[in-house]
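Chemist: Each chain, letter by letter, is given below.
Number of protein chains: 2
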Amino acid sequence: MSIKTPSDSDTWKLLKKGVAEIISELELQRMLKASAESGKPLRLKQGFDPSRPDIHLGHVVGLRKLRQFQEMGHTVVLIVGDWTAQIGDPSGESVTRPMLSADEVRVNARTYMEQFFKVVDRAKTEVRWQSEWFGKFDLSQVIRLTSKFTVAQFLARDDFAKRYQSGRPIAITELLYPLLQAYDSVVVQSDVEFGGIDQKFNCLVGRELQAMEGQRPQQVFLMPLLVGRDGKQKMSKSLGNYIGVTEPPDEMYGKVMSIPDHLILPYFELVTDISDSELAKIGQELKSNTVNPMELKKQLAREIVGQFHTPQAALEAQAAFETTFQRRQVPENIPEFVLSLPGGTGTDSLSLDIPQALLATRMVKSRSEARRLIAQGALKVDGKSVGQETIPVPADSALTITLGKRRFARLKLVSVPQK
Amino acid sequence: MSIKTPSDSDTWKLLKKGVAEIISELELQRMLKASAESGKPLRLKQGFDPSRPDIHLGHVVGLRKLRQFQEMGHTVVLIVGDWTAQIGDPSGESVTRPMLSADEVRVNARTYMEQFFKVVDRAKTEVRWQSEWFGKFDLSQVIRLTSKFTVAQFLARDDFAKRYQSGRPIAITELLYPLLQAYDSVVVQSDVEFGGIDQKFNCLVGRELQAMEGQRPQQVFLMPLLVGRDGKQKMSKSLGNYIGVTEPPDEMYGKVMSIPDHLILPYFELVTDISDSELAKIGQELKSNTVNPMELKKQLAREIVGQFHTPQAALEAQAAFETTFQRRQVPENIPEFVLSLPGGTGTDSLSLDIPQALLATRMVKSRSEARRLIAQGALKVDGKSVGQETIPVPADSALTITLGKRRFARLKLVSVPQK
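Each protein sequence line maps, in turn, to chains A and B. Take 1 as the starting number for the first sequence in this note's numbering and just add one per residue. Take 1 as the starting number for the second sequence in this note's numbering and just add one per residue.
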């Protein structure tokens with residue numbers, strides 16, 4: 001197998017692009033060079049938690065990096081964390097979770113991998129399950145592993161330190177998490193571990209443990225955390241601020257459109273392939289206010305939807321969004337009118353004379369004005385364009401009517417049974 | 001089996017005698033009562049560390065208490081800590097120790113039990129090995145166990161807190177120690193755990209874990225720590241301030257005699273069977289200085305040697321001690337004299353004319369004074385009474401001569417070969 005040499009400065013620049021931290025850059029460069037010379041690919045370790053099978057854009061940041069390494073000829077080792085999953089997310093508030101059944105793990109792992117291989121090359125990936133080694137891990141191995149690190153070393157981990165100082169509980173089990181993750185590195189003989197910057201501590205424990213076990217210590221490749229749609233916290237399913245890679249195009253497009261303006265540039269950098277020069281241009285435009293951020297977001301949303309669906313789907317999502325977006329322009333406090341309609345009750349379908357309704361709400365001054373506007377396509381009922389003058393409506397219902405861009409009314413229909 | 005009821009207040013008083021703390025006294029009384037009514041003996045848990053097989057008087061304090069419970073009809077469950085032994089002593093400075101081989105554990109356990117059953121009734125003891133349950137303990141059990149307690153709870157343990165605050169290392173493994181000890185209580189269904197007061201934390205973890213597992217939580221019976229011969233630190237083999245129960249009578253007697261006076265009363269209380277009234281009398285005598293503490297120590301030493309050997313051995317040890325003790329009365333800085341003796345060299349046996357030697361050292365003023373004192377039994381050579389006027393001595397040797405209580409001299413003999 002031919003492996004690209006990173007002495008090509010463009011390649012090295014590409015690998016480093018958008019990365020938060022590399023430990024250590026010099027050693028990694030040497031490793032890459034040696035690998036290119038020997039033709040032996042590096043083993044790039046990436047773990048995943050099968051209790052959280054859905055991949056969102058926050059994960060994609062790292063997966064795209066793995067893909068770049070694969071394109072140079074290296075091998076991804078994907079660790080299915082079916083044991084660490086029992087302990088809980090190491091990087092934040094955590095609770096000990098009930099053990100997933102073997103079936104649940106299998107189902108979740110399948111879901112995860114379907115999504116994972118949308119970005120990462122399946123042919124250059126080795127999938128390993130923690131249960132291969134932890135399924136037969138005994139107490140003496142636990143004792144041996146736990147004897148190598150101190151409580152103080154682990155409580156120095158940022159999130160542990162904060163929780164400990166503020167009196168929030170840390171289960172003793174949680175101290176095992178970094179140890180198990182580190183042991184994975186020893187077992188799979190990891191050369192480079194990939195993770196979010198919040199995984200720094202755990203990845204470094206792996207590095208140390210490998211050295212203690214006489215292995216060449218892994219390098220650590222840390223990706224920045226993608227901020228979620230709320231613009232504040234890291235993207236996470238449990239915080240509800242995520243954009244999932246399997247979401248339908250309309251949903252995905254709409255979610256990208258909802259990000260605050262200050263995330264436009266980092267999203268372009270971390271989850272799209274646009275060139276450095278284009279990135280610089282966007283940054284410049286945002287800074288100088290020479291572009292409507294909405295237009296940049298549309299471009300971003302197209303890029304992202306195009307990546308996980310198709311460019312065609314991206315265009316359709318954009319069209320749908322634009323329609324929906326107009327509908328969303330209805331202000332919250334609009335005048336409300338009650339309109340009596342002759343006809344049945346309940347769910348009976350009645351007929352609404354729209355020019356009459358527009359007159360009743362004083363949105364127009366005459367039936368002819370109403371007719372003209374309807375003919376011009378200025379009328380929307382519940383956000384949808386309506387070209388007819390009469391529409392069927394359920395008895396006892398409510399509608400929102402929009403006329404052009406500025407006139408709104410809400411109608412409550414009260415049916416008056418005919419005698 | 002008939003079990004004594006502790007409602008007999010004398011029995012309860014006996015059980016409580018010399019105990020540091022009972023958790024909880026009320027629940028234990030209820031348990032004892034229920035046991036007497038049902039005829040079902042209580043299970044009294046006592047653990048031991050097979051990496052430290054020698055029992056000293058510090059351990060005896062608790063073993064005597066177990067014996068008292070056995071005499072009421074209860075069962076001792078002795079736990080051979082062949083797994084916790086790998087982790088280290090929980091109650092102090094500890095280092096992770098290499099795993100003992102199965103053979104070492106067997107040999108040490110045999111040694112321990114020989115000593116243990118000098119105090120505890122073998123017929124009412126069940127011996128259990130941790131390897132019965134920890135030999136097949138797997139990672140999911142470790143995770144389950146460690147999830148029940150927090151790091152902060154454990155770091156509150158006195159010795160951990162001190163070490164953590166002063167920056168001394170605590171291996172993560174050490175947090176497992178109290179958990180494993182607690183799990184023992186669950187497995188053997190302990191009713192009462194016995195330990196030194198420094199075991200309080202660990203015993204309480206056992207109590208909590210049993211409750212979590214739906215068992216009736218054990219009561220905890222904590223014994224005071226016997227202070228070692230140095231009068232300062234708890235008796236411990238590693239501190240060298242211990243008195244071992246298998247030491248020969250002379251050694252044991254001498255070690256008891258070497259304790260500082262303030263330990264006389266606690267030793268009487270904790271390791272002898274003397275009655276409360278006698279104890280009170282000794283306390284009174286010590287307080288009012290109406291007794292020579294040396295005499296009380298001799299009584300104490302006799303009691304202790306008698307307990308682990310025989311009363312006869314105790315008397316012999318006393319006699320030997322008294323001899324040795326007299327020898328020890330020789331002051332350290334005594335005048336030294338060099339005496340020339342006609343005769344051979346090296347180890348040849350020469351003849352020493354004692355009255356002449358006494359004259360030479362100016363310890364007497366005349367041969368007749370020397371003879372009179374020798375006849376009265378006032379002479380000792382190297383601590384032993386000598387009644388003759390001439391004794392054989394090796395050439396080129398040295399002797400200490402005592403005359404009465406106040407006159408001492410050291411003689412260096414230099415042989416002058418006869419021509």
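Worth double-checking, as some hints may not be accurate.
Note that identical chains are pooled: a pair holds if it fits in a single copy or bridges any two copies.
Computed cross-link-like contacts, BS3-like style, restricted to lysine-lysine with a CA-CA straight-line distance of at most 25 angstroms [claimed, not checked]:
# : residue 1 : residue 2
1 : Lys124    : Lys380
2 : Lys13     : Lys412
3 : Lys162    : Lys148
4 : Lys33     : Lys148
5 : Lys136    : Lys148
6 : Lys148    : Lys118
7 : Lys33     : Lys118
Calculated from the structure, these hints are not laboratory results. The structure presented is a predicted model; accordingly, all values stated were derived computationally and were not measured.
Chemist: Next, verify each hint and record whether it holds.
Modeler: To see whether the hints hold, each was checked on the structure:
Neither within a single protomer nor between protomers do Lys124 and Lys380 lie at most 25 angstroms apart by alpha-carbon distance, with minima of 53 angstroms and 91 angstroms respectively. For a Cα distance limit of 25 angstroms, the shortest separation of Lys13 from Lys412 qualifies neither inside one copy, at 62 angstroms, nor across copies, at 86 angstroms. Taking the shortest alpha-carbon separations for Lys162 and Lys148, both the intra-copy value of 23 angstroms and the inter-copy value of 21 angstroms come in at or below 25 angstroms. For a Cα distance limit of 25 angstroms, the shortest separation of Lys33 from Lys148 qualifies neither inside one copy, at 32 angstroms, nor across copies, at 48 angstroms.
With identical chains, the CA atoms of Lys136 and Lys148 are at most 25 angstroms apart both within one copy (20 angstroms) and between copies (22 angstroms). Taking the closest pair of Cα atoms, Lys148 and Lys118 never come within 25 angstroms of each other, the shortest separation being 39 angstroms inside a single copy and 40 angstroms across copies. Taking the shortest alpha-carbon separations for Lys33 and Lys118, neither the intra-copy value of 29 angstroms nor the inter-copy value of 70 angstroms comes in at or below 25 angstroms.
Checked against the numbered hints given earlier, the structure breaks hints 1, 2, 4, 6, 7 and satisfies all the rest.
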